Amino acid sequence: MAADMTAASAAPRRARKWNQRSIAPWLFLAPGLFMFTVYVLWPIVQSITLSFYDWNGLYNKDGQFTGTFVGMGNYAELMSDPAFETSLWNNLKWLVLYMAALPIGLFIAIFLNQTVRGIRIYKSLFFFPFVISQVVVGLIFAWFYAPNFGLFYLLTEKLTGQGTAILADPDLVTYGIIAAGLWPQIAYVMILYLTGLNNVAPDQIEAARLDGAKGWRMLWFVVLPQLRPATFIAVIVTVIGALRSFDLVSIMTNGGPFGSSRVLSYYMFEMALGEYGYRMGFGAAIAVVLFAIMMVFISGFIWKMWRDETER
Amino acid sequence: MVRYTKGAVALSAAMLLATSALAQDKRVVTWNADYDPIPLAAAEALIADFEAANPEIDVQLNNFDHEAYKNAIRNFLTADPPDLANWYAANRMRPFVEAGLFADISDVWADNGLNDALASSVLSSTIDGKQYAVPYTYYQWGIYYNRDAYKAAGVDLPADGGVSWDQFLANCEKFKAAGIDCVTTGSSALWPVAGIFDYISMRTNGYQFHSDLAAGKISWKSPEVKAVFDNFGKLQPFVTANHAAIDWQDAAALLVQGKAANYVMGNFAVGVFKEGGMTNDNLGFMVFPEITAGIARSEEAPTDTVHLTSGAKNPEDAKKLLAYIASADAQSKWNGAVGQLPTNKNATVDAADPFLTAGFQALSTATGGIAQFWDRDADAEYAKAGMEGFQQFLVQPDQLDAILDRLEQTRLRLYPQ
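Taken in order, these protein sequences are the chains called Y and G.
So for the first sequence, the numbering used here puts the first residue at 1; every next one is plus one.
So for the second sequence, the numbering used here puts the first residue at 1001; every next one is plus one.
No lab work stands behind these hints: they were computed from the structure.
Just to be clear, a hint being listed does not mean it is correct.
The calculated lysine-lysine pairs, modelled on DSS-like cross-linking and capped at a C-alpha distance of 30 Å, are [stated by the list, open to error]:
1) G:Lys1174 x G:Lys1274
2) G:Lys1026 x G:Lys1313
3) Y:Lys93 x Y:Lys304
4) Y:Lys61 x G:Lys1026
5) Y:Lys61 x G:Lys1130
6) Y:Lys158 x G:Lys1313
7) Y:Lys61 x G:Lys1313
8) G:Lys1274 x G:Lys1345
Since the model is a prediction, treat every value here as computed from it, not as a measurement.
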């Protein structure tokens, strides 16, 4: 066999090798691609299709789809829907304010990046909020803000004479929920920066110190550039965390009072699967809009990663 | 035979049970329900009685978690329909009726004289002239009050027939002076505010107005609606502040602690009040005060129902069970165990429970009509928009015009003129 192969002409052999080389990656990719198609691509196509229908989620007893085609109707309704506008603005507030997790997380990380007795315990204590479930975080903060017995309420009552129930106030409620979301998010960013700080080259710090760099200048010109990969990941997880903020809203307010703390993901759930919803097409239209917004960021990240990979 | 299972487990359990029951040569009726423990025990007793009378029928109850049921029913009615399914009357059952998933059971009503025995629920069980539901229980709404809070504020206790609207508002002034919330509610889940709105709306303009408003036939810009919000506005300053952030159970705690005097609620709350330490001595019940003189009094009493599915495999025996559920005996027993009111007018109510007797009295003399509650009388989307408006009005009464504009837009979109 082997003799045959060596005896054979060079051309088919090269072609065969080429075949193996080109097939192998696809074979390795196949399971992943299959899952990706079934669980990501196909649902995306289905959601987009569904967003052109008005459908209450029911099939009749013969199993036939009961929806009606409304074209761009759902999107047209979204454009004039005040609840959608509120959700969009709230999402924006989430995006902007969530970014506060980066500097705060960085400073806690720098603060904790020292060798003191028992530092591991302090680190784990700071990391703790990220370990517990978002649902628990939501409950803790809901009680913290609760009128009549919440710590925050009692505190404001003592200071101003008039207790502030954040979650009952349509103007403050979103900020209250974002503060709750920041608690675990800061811990997450902190841990990313802590691992990043481990990889900061000590010789560069040493060299900078010899050159007389200190404090802010040291941080800005020497440490931060070396933390770029950590910052990149931290931005990604924070943006995604802000856009998919659903659990806290659901646990703390159900989108209330009168819808003032809704975000797109919660509004979508409310419309498609909530007790008063079951407007599958309308919910799908919101999902498509959210997807489009996410795509802006995701393409940005992918483009940057692509650039970094190819530059190397 | 009864099985208590949850969610997905229910399906496989039902299949297992179905095979084992076939072996016993009994005719099987399957029934999907969403009972909490106490009603579940009552339903088990009801089934046992039915099976004793009909030994050749085997009723298999699949109990779901209450919240999970709302989603599950949308799947199982198409994928694997049981013979019977629990749901709610009026507009809540409309999507299933229109999709052809609930079967017409007008014959059960006609054959068993239910149009007479269940007279108060005919309207809420009927869509386009046909009956699709067997109502077996409801509960009254009204004002529950804390007698101790009345004493603490030096306010006279309401008489048996309740108080007048002016008197009620005057009492509220006194409660406010005493630092007690006159009316409490917890509207984090929205629906509790609909109870207050419905009552003010029905007392201002009557039952037909409530019904037409819920059906989208009345403009939110009309003078009648204006009158309702005028009255709502009179009550607004006396409602617990921050109600939007608390659940109805938290507000119940305020009533129990005497920090609030009155609570517009359904009778199911009595259990919570009593768990909090109230007794028949300091917990009182009155009907909502009359506002416009001379309007026939109507009440809210949301009805729970059982339905025959279109995919039922054994509709004949299922109808037998439905007729039994509608009967006075079965309803007396079930409601006696659960502490709610039977819809069958020949059924009896536990005379020792002052709230049930008061409720039975209030409902049987409500000549104006029995409303199902805003979120069951109105289409789901419309109901939600309305409740958000009511809640916003209670928080920001100065936004009334914006609220009414928005509601009117929603109405015109959902019910094109």
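Item to complete: Determine which of the earlier numbered hints do not hold for this structure and return their numbers in increasing order.
Response: 6
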